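Trainee: If you want the building blocks of each chain, they are given just below.
Number of protein chains: 2
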Amino acid sequence: MKFRAEIDVMPLKALLDPQGKAVTGSMKNLGLPEIQNVRIGKHITLEIEADTKDAATTKVDEACKKLLANQIMEFYEFELFEN
Amino acid sequence: MKFRAEIDVMPLKALLDPQGKAVTGSMKNLGLPEIQNVRIGKHITLEIEADTKDAATTKVDEACKKLLANQIMEFYEFELFEN
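Protein sequence lines correspond, in order, to chains A and B. Quick note on our numbering: the first sequence kicks off at 1347 and runs consecutively. Quick note on our numbering: the second sequence kicks off at 1347 and runs consecutively.
Check before you lean on any hint, since a few could be wrong.
Chain copies aren't distinguished; within one or between two, either way the pair holds.
[As the list claims (entries may be wrong)] Here are the computed lysine to any residue pairs in the SDA-like style, where the Cα-Cα straight-line distance is at most 25 Å:
1. 1348 <-> 1397
2. 1412 <-> 1347
3. 1411 <-> 1376
4. 1367 <-> 1408
5. 1399 <-> 1354
6. 1399 <-> 1412
7. 1359 <-> 1417
8. 1388 <-> 1426
9. 1348 <-> 1395
10. 1388 <-> 1360
11. 1399 <-> 1360
12. 1348 <-> 1364
13. 1367 <-> 1401
14. 1348 <-> 1404
15. 1348 <-> 1419
16. 1374 <-> 1417
17. 1374 <-> 1363
18. 1348 <-> 1400
I should point out that these hints are in silico values taken from the structure, not numbers from a laboratory. Please read all numbers here as calculations on a predicted model, not as lab measurements.
Starting from the given sequences, assemble the full structure and let the hints guide the process.
Mentor: Structure (structure tokens):
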């Protein structure tokens, strides 16, 4: 079966996010001071071939740990959809 | 009311995504050849103060158009949650 994974990789909440801070500042200059606390991470989509949803979950988790997220500075979460 | 927006900004499907292509290649080297078609974009979270959900939607849409997404190369979608 083919699954589609939607993965979010975000900077840990305890860490500063300088890119997000810069964008929060720009919002004010653009006339959108209502917008606060911008945080910027990665959104990753991928396709995976696996026998079961559980097997796909294990593989995607492995991909996140090995390559997609740096767990010292980031956390990840994902959802799997049957394609 | 305070809302939280979860925004995804992704490269347009018609465009090549060289970063995603590189990661797809690396998956094979990591022993995960089941993973294909990786595409990498941005995930942005922010907080917004607005009277209604409709007003918040308009503001977040404006922020995406003006600053967060480059509509020539990217598309965006978002969801709003009441905080």
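Trainee: If a hint holds in the structure, say so; if it doesn't, say that too.
Mentor: A quick look at each hint next to the structure:
With identical chains, the CA atoms of residue 1348 and residue 1397 are at most 25 Å apart within one copy only, with a shortest distance of 8 Å there and 43 Å across copies. Taking the closest pair of Cα atoms, residue 1412 and residue 1347 come within 25 Å of each other only inside a single copy of the chain (23 Å); across copies the shortest separation is 40 Å, beyond that limit. Taking the shortest Cα distances, residue 1411 and residue 1376 sit within 25 Å of each other only across copies (11 Å), while inside one copy they are farther apart (37 Å). In this assembly of identical chains, the alpha carbons of residue 1367 and residue 1408 lie at most 25 Å apart only when taken from different copies (18 Å versus 31 Å within one copy).
Proximity of residue 1399 and residue 1354 under a CA criterion of 25 Å is satisfied in both settings, with 19 Å inside one chain copy and 24 Å between copies. Taking the closest pair of Cα atoms, residue 1399 and residue 1412 come within 25 Å of each other only inside a single copy of the chain (20 Å); across copies the shortest separation is 39 Å, beyond that limit. Within a single copy, residue 1359 and residue 1417 get their C-alpha atoms as close as 12 Å, which meets the 25 Å cut-off; across copies the closest is 29 Å, which misses it. Taking the closest pair of Cα atoms, residue 1388 and residue 1426 come within 25 Å of each other both inside a single copy (17 Å) and across two copies (18 Å).
In this assembly of identical chains, residue 1348 and residue 1395 lie within 25 Å of each other by CA distance solely inside one copy; the values are 5 Å within and 40 Å between copies. In this assembly of identical chains, the alpha carbons of residue 1388 and residue 1360 lie at most 25 Å apart whether taken from the same copy (17 Å) or from different copies (20 Å). For the homomeric pair residue 1399 and residue 1360, neither the shortest alpha-carbon distance inside one copy (32 Å) nor that between copies (29 Å) is at most 25 Å. With identical chains, the CA atoms of residue 1348 and residue 1364 are at most 25 Å apart between copies only, with a shortest distance of 23 Å across copies and 37 Å within one.
Taking the shortest alpha-carbon separations for residue 1367 and residue 1401, only the inter-copy value of 23 Å comes in at or below 25 Å, while the best intra-copy value is 38 Å. Only within a single protomer do residue 1348 and residue 1404 lie at most 25 Å apart by alpha-carbon distance; the minimum there is 14 Å, versus 36 Å between protomers. In the homo-oligomer, the alpha carbons of residue 1348 and residue 1419 never lie at most 25 Å apart, since the shortest distance is 31 Å inside one protomer and 27 Å across protomers. Only between protomers do residue 1374 and residue 1417 lie at most 25 Å apart by alpha-carbon distance; the minimum there is 21 Å, versus 32 Å within a single protomer.
Only within a single protomer do residue 1374 and residue 1363 lie at most 25 Å apart by alpha-carbon distance; the minimum there is 17 Å, versus 31 Å between protomers. Only within a single protomer do residue 1348 and residue 1400 lie at most 25 Å apart by alpha-carbon distance; the minimum there is 12 Å, versus 36 Å between protomers.
Hint compliance for this structure: hints 11 and 15 are not met, and every other hint is.
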